[in-house]
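S.K.: With these hints in hand, go ahead and build the complete structure from the sequences.
Chain by chain, the residues run as shown.
Protein chains: 2
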Amino acid sequence: MATIKDVARKANVSITTVSRVINNKTEGVSEETRERILKVMQDLNYQPNRIARGLVTKRTNTLGLILPDIANPFFPEIARGVEDTANIYGYNVILCNTDDRTDKEELYINVLKEKCVDGIVFTSSVNPVSEHIKQLMDYKMPFVLLDRYMDIDHLPGVYSDGYDGMYQITRYLFEMGHRDIAYIGGPSLSATAKHRYEGFEYALREYGVGLDDVLIEEGNYKISGGKEAMARLVEKGMDFTAVACANDLMAVGAMEVLKDKGYRIPEDVSVTGFDDIQLSGLIEPKLTTVAQPCYEMGAVATRMLIKLIEGQALEEQEIKLKPRLVIRNSVKRVI
Amino acid sequence: MATIKDVARKANVSITTVSRVINNKTEGVSEETRERILKVMQDLNYQPNRIARGLVTKRTNTLGLILPDIANPFFPEIARGVEDTANIYGYNVILCNTDDRTDKEELYINVLKEKCVDGIVFTSSVNPVSEHIKQLMDYKMPFVLLDRYMDIDHLPGVYSDGYDGMYQITRYLFEMGHRDIAYIGGPSLSATAKHRYEGFEYALREYGVGLDDVLIEEGNYKISGGKEAMARLVEKGMDFTAVACANDLMAVGAMEVLKDKGYRIPEDVSVTGFDDIQLSGLIEPKLTTVAQPCYEMGAVATRMLIKLIEGQALEEQEIKLKPRLVIRNSVKRVI
DNA sequence: TTGTAGGCGTTATCAG
DNA sequence: CTGATAACGCCTACAA
Numbered sequence: 019m020a021t022i023k024d025v026a027r028k029a030n031v032s033i034t035t036v037s038r039v040i041n042n043k044t045e046g047v048s049e050e051t052r053e054r055i056l057k058v059m060q061d062l063n064y065q066p067n068r069i070a071r072g073l074v075t076k077r078t079n080t081l082g083l084i085l086p087d088i089a090n091p092f093f094p095e096i097a098r099g100v101e102d103t104a105n106i107y108g109y110n111v112i113l114c115n116t117d118d119r120t121d122k123e124e125l126y127i128n129v130l131k132e133k134c135v136d137g138i139v140f141t142s143s144v145n146p147v148s149e150h151i152k153q154l155m156d157y158k159m160p161f162v163l164l165d166r167y168m169d170i171d172h173l174p175g176v177y178s179d180g181y182d183g184m185y186q187i188t189r190y191l192f193e194m195g196h197r198d199i200a201y202i203g204g205p206s207l208s209a210t211a212k213h214r215y216e217g218f219e220y221a222l223r224e225y226g227v228g229l230d231d232v233l234i235e236e237g238n239y240k241i242s243g244g245k246e247a248m249a250r251l252v253e254k255g256m257d258f259t260a261v262a263c264a265n266d267l268m269a270v271g272a273m274e275v276l277k278d279k280g281y282r283i284p285e286d287v288s289v290t291g292f293d294d295i296q297l298s299g300l301i302e303p304k305l306t307t308v309a310q311p312c313y314e315m316g317a318v319a320t321r322m323l324i325k326l327i328e329g330q331a332l333e334e335q336e337i338k339l340k341p342r343l344v345i346r347n348s349v350k351r352v353i
Numbered sequence: 019m020a021t022i023k024d025v026a027r028k029a030n031v032s033i034t035t036v037s038r039v040i041n042n043k044t045e046g047v048s049e050e051t052r053e054r055i056l057k058v059m060q061d062l063n064y065q066p067n068r069i070a071r072g073l074v075t076k077r078t079n080t081l082g083l084i085l086p087d088i089a090n091p092f093f094p095e096i097a098r099g100v101e102d103t104a105n106i107y108g109y110n111v112i113l114c115n116t117d118d119r120t121d122k123e124e125l126y127i128n129v130l131k132e133k134c135v136d137g138i139v140f141t142s143s144v145n146p147v148s149e150h151i152k153q154l155m156d157y158k159m160p161f162v163l164l165d166r167y168m169d170i171d172h173l174p175g176v177y178s179d180g181y182d183g184m185y186q187i188t189r190y191l192f193e194m195g196h197r198d199i200a201y202i203g204g205p206s207l208s209a210t211a212k213h214r215y216e217g218f219e220y221a222l223r224e225y226g227v228g229l230d231d232v233l234i235e236e237g238n239y240k241i242s243g244g245k246e247a248m249a250r251l252v253e254k255g256m257d258f259t260a261v262a263c264a265n266d267l268m269a270v271g272a273m274e275v276l277k278d279k280g281y282r283i284p285e286d287v288s289v290t291g292f293d294d295i296q297l298s299g300l301i302e303p304k305l306t307t308v309a310q311p312c313y314e315m316g317a318v319a320t321r322m323l324i325k326l327i328e329g330q331a332l333e334e335q336e337i338k339l340k341p342r343l344v345i346r347n348s349v350k351r352v353i
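So the sequence lines, in the order shown, correspond to chains A and B. Using our numbering, read the first sequence as starting at 19 and increasing by one per residue. Using our numbering, read the second sequence as starting at 19 and increasing by one per residue.
In short, the hints are calculated from the structure, not lab data. Check each hint, because a few of them may be wrong.
It does not matter which identical chain is used: a pair holds within one copy or between any two.
[Said to hold, decoys possible] Within a straight-line C-alpha distance of at most 25 Å, the following computed DSS-like cross-link-like pairs (lysine-lysine) qualify: (1) LYS76 to LYS23; (2) LYS76 to LYS350; (3) LYS57 to LYS152; (4) LYS28 to LYS350; (5) LYS131 to LYS338; (6) LYS245 to LYS212; (7) LYS43 to LYS245; (8) LYS340 to LYS57; (9) LYS23 to LYS212; (10) LYS212 to LYS340; (11) LYS304 to LYS152; (12) LYS57 to LYS133; (13) LYS28 to LYS158; (14) LYS23 to LYS158.
M.R.: See the structure below:
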């Protein structure tokens with residue numbers, strides 16, 4: 019609770035001088051008085067009040083992290099990457115869960131502005147750009163998009179290359195001999211889902227398979243969605259030897275339904291996922307999937323954001339990190 | 019970027035009057051001027067600066083959440099409970115990962131103080147109370163302990179009753195006919211691990227089994243620790259029909275080793291966990307375990323903290339939430 | 001109902 | 001090398 023005034027008084031100097039040593043201004047303070055002030059600060063257990071400092075410097079050293087749900091297994095690693103990196107550069111992180119609701123997103127953006135965060139790492143659920151995002155831009159608040167595209171040109175952002183990832187894993191299915199491949203995609207309005215689907219499509223074309231010959235279902239990126247989609251697929255007749263899922267959670271749901279119906283994985287049906295969340299390496303059979311560089315995405319996005327905040331130029335506006343194929347036991351070679 | 023001054027000028031009133039409408043002071047402003055000011059605020063897109071406000075009110079409406087690692091599957095649900103509750107009451111949450119390191123814990127506490135958070139939800143890795151915790155108390159910064167005990171009397175805290183949970187599940191093993199039960203515990207200096215162990219011990223006593231007859235290993239609460247502990251157990255000879263693990267992650271590790279060695283679960287060995295993290299319901303066999311009320315713990319702790327902050331009395335200093343036995347497929351009835 | 005003035009704890013500017 | 005002093009944006013007696 020000691021303030022700069024208390025320190026100044028006790029050290030017999032002006033607050034200006036104390037401020038100088040607080041901020042490590044090398045010049046302008048004699049070694050002697052610096053020592054004295056330092057000692058007084060220790061004695062008084064003085065800690066500078068960042069609120070007061072922020073009021074004048076216009077910097078809070080605080081970032082906002084907006085994401086749908088930290089309890090969704092995809093995000094903790096990202097959050098950790100963000101927080102670690104922020105911490106390295108002397109920033110803290112305010113966590114915001116939007117549940118993919120535009121109103122909560124707006125609300126958080128507003129309080130983040132009111133609290134004068136220096137910037138925002140932003141996994142938006144809104145696309146295309148809506149009013150509150152534009153306001154963010156007008157406000158000149160630096161922000162970096164994370165994982166979710168927004169259909170507007172050249173917003174700084176970090177993504178994992180879903181197109182490439184889904185292409186890789188579909189191609190792997192073809193190489194394992196599969197020709198009849200079903201697909202469980204994400205919500206069709208999500209850009210991420212679209213990219214993954216396009217990667218799937220591209221691999222299909224490469225192997226000369228028409229889209230008409232393929233069963234496609236849509237899910238909500240959750241276990242429940244995978245279950246429902248797979249139930250529909252089963253109903254339509256099991257006219258495929260493999261299912262590519264747009265994320266691991268849906269793959270897990272799909273596998274549960276398949277097992278319940280008496281199908282063995284991968285003997286009867288091969289299944290692939292996307293994300294490589296922790297449980298994918300632990301379920302039986304272990305899921306073949308695509309690993310997203312989550313921690314790295316968080317870290318890279320945060321580094322970009324801090325560059326932006328500190329007025330440095332970005333080498334690239336959009337960074338796409340390549341996913342990595344993780345081959346485990348849920349895909350069987352056929353014929 | 020508009021300030022209260024801009025609004026005042028444009029509305030032809032003093033900043034005092036504007037301040038009154040910002041803070042919804044019902045009296046002291048005529049309906050007419052209030053309307054006018056509200057309109058100007060809209061036009062100017064005015065948002066109050068919380069930093070400035072905080073400087074005078076001494077309240078930031080921000081909480082700190084200190085935990086070991088958000089990427090540890092135990093914590094996201096808790097964090098979500100904290101953030102949701104904070105949000106309801108108008109607070110934001112700064113996320114801090116300590117990796118169970120005292121130095122990081124100290125560092126975060128310091129910046130949290132400098133940033134004048136109103137209070138801290140705190141999963142400490144330090145026990146007994148060390149210097150920086152005492153400073154927190156001296157500082158009169160409200161805080162609520164979460165999940166980890168501290169050996170000092172009556173600090174406000176929320177815990178899941180590990181004693182009771184482990185008692186429940188051990189008792190369940192006995193009821194399923196098991197008599198030779200091995201135990202993989204947490205790090206012996208952790209109070210949580212101690213409580214769970216005591217619950218195990220108590221059930222043993224209740225069923226007349228001596229501690230000497232029981233194989234006990236210690237792990238680090240991670241998958242690797244479960245693997246290592248189980249490897250040691252196997253080496254000592256498989257003199258048990260069931261293993262109770264102090265958390266799910268170690269149970270998963272233990273199960274992997276058992277499977278690798280050719281044992282079937284639960285036919286050859288029954289395994290139980292503790293925590294009920296998401297993957298426990300998805301691995302094969304599904305793990306019988308004890309569900310911790312994570313989200314609720316976060317929510318309850320945050321409500322306590324906010325009471326503390328707002329000067330209300332706490333009905334209870336320590337709240338223990340009862341875990342819930344979750345029976346799945348990793349335990350077999352014997353004889 | 002409205003306004004004036006002082007202060008919150010810092011930093012920044014400019015003199016000495 | 002050191003120190004007044006004026007901001008920063010807002011709240012809050014106290015006056016009018």
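S.K.: Indicate which option fits the pair LYS28, LYS158 if close means a Cα-Cα distance not exceeding 25 Å: within, between, both or neither.
M.R.: between (42 Å within a copy, 23 Å between copies)
S.K.: From the Cα coordinates, with 25 Å as the cut-off, is the pair LYS23 and LYS158 best called within, between, both, or neither?
M.R.: Between. Shortest inter-copy distance 21 Å satisfies the 25 Å Cα cut-off; intra-copy 35 Å does not.
S.K.: Taking 25 Å as the upper bound on the Cα-Cα distance, should LYS131 and LYS338 be classified as within, between, both, or neither?
M.R.: So LYS131 and LYS338 fail the 25 Å test inside a copy (28 Å) and across (38 Å) alike.
S.K.: At 25 Å max between alpha carbons, let me know whether LYS57 reaches LYS133 within a copy, between copies, both or neither.
M.R.: Only across copies: LYS57 and LYS133 sit 23 Å apart there, 33 Å inside one copy, limit 25 Å.
S.K.: Is it within, between, both or neither when you check LYS212 against LYS340 at 25 Å Cα-Cα?
M.R.: Result: close within a single copy only, 17 Å intra versus 44 Å inter.
S.K.: Between LYS76 and LYS350, at a C-alpha cutoff of 25 Å, which is it: within one copy, between copies, both, or neither?
M.R.: Answer is neither: 58 Å inside a copy and 63 Å across each miss the 25 Å cutoff.
S.K.: How would you label the pair LYS23, LYS212 (within, between, both, or neither) given a Cα cut-off of 25 Å?
M.R.: neither (59 Å within a copy, 48 Å between copies)
S.K.: Between LYS57 and LYS152, at a C-alpha cutoff of 25 Å, which is it: within one copy, between copies, both, or neither?
M.R.: between (49 Å within a copy, 21 Å between copies)
S.K.: I want to check one pair: LYS28 and LYS350. Are their C-alpha atoms no more than 25 Å apart within a copy, between two copies, both, or neither?
M.R.: neither (77 Å within a copy, 72 Å between copies)
S.K.: Have a look at LYS340 and LYS57 and pick one of within, between, both or neither, based on CA distance no larger than 25 Å.
M.R.: Classified as neither: same-chain Cα gap 52 Å, cross-chain 49 Å, threshold 25 Å.
S.K.: Using 25 Å as the alpha carbon limit, work out where LYS304 and LYS152 are close: within a copy, between copies, both or neither.
M.R.: neither (44 Å within a copy, 47 Å between copies)
S.K.: If the cutoff is 25 Å on CA atoms, where do LYS245 and LYS212 land: within, between, both or neither? Let me know, please.
M.R.: within (20 Å within a copy, 40 Å between copies)
Violated hints, in rising order: 2, 4, 5, 7, 8, 9, 11; the structure is consistent with all others.
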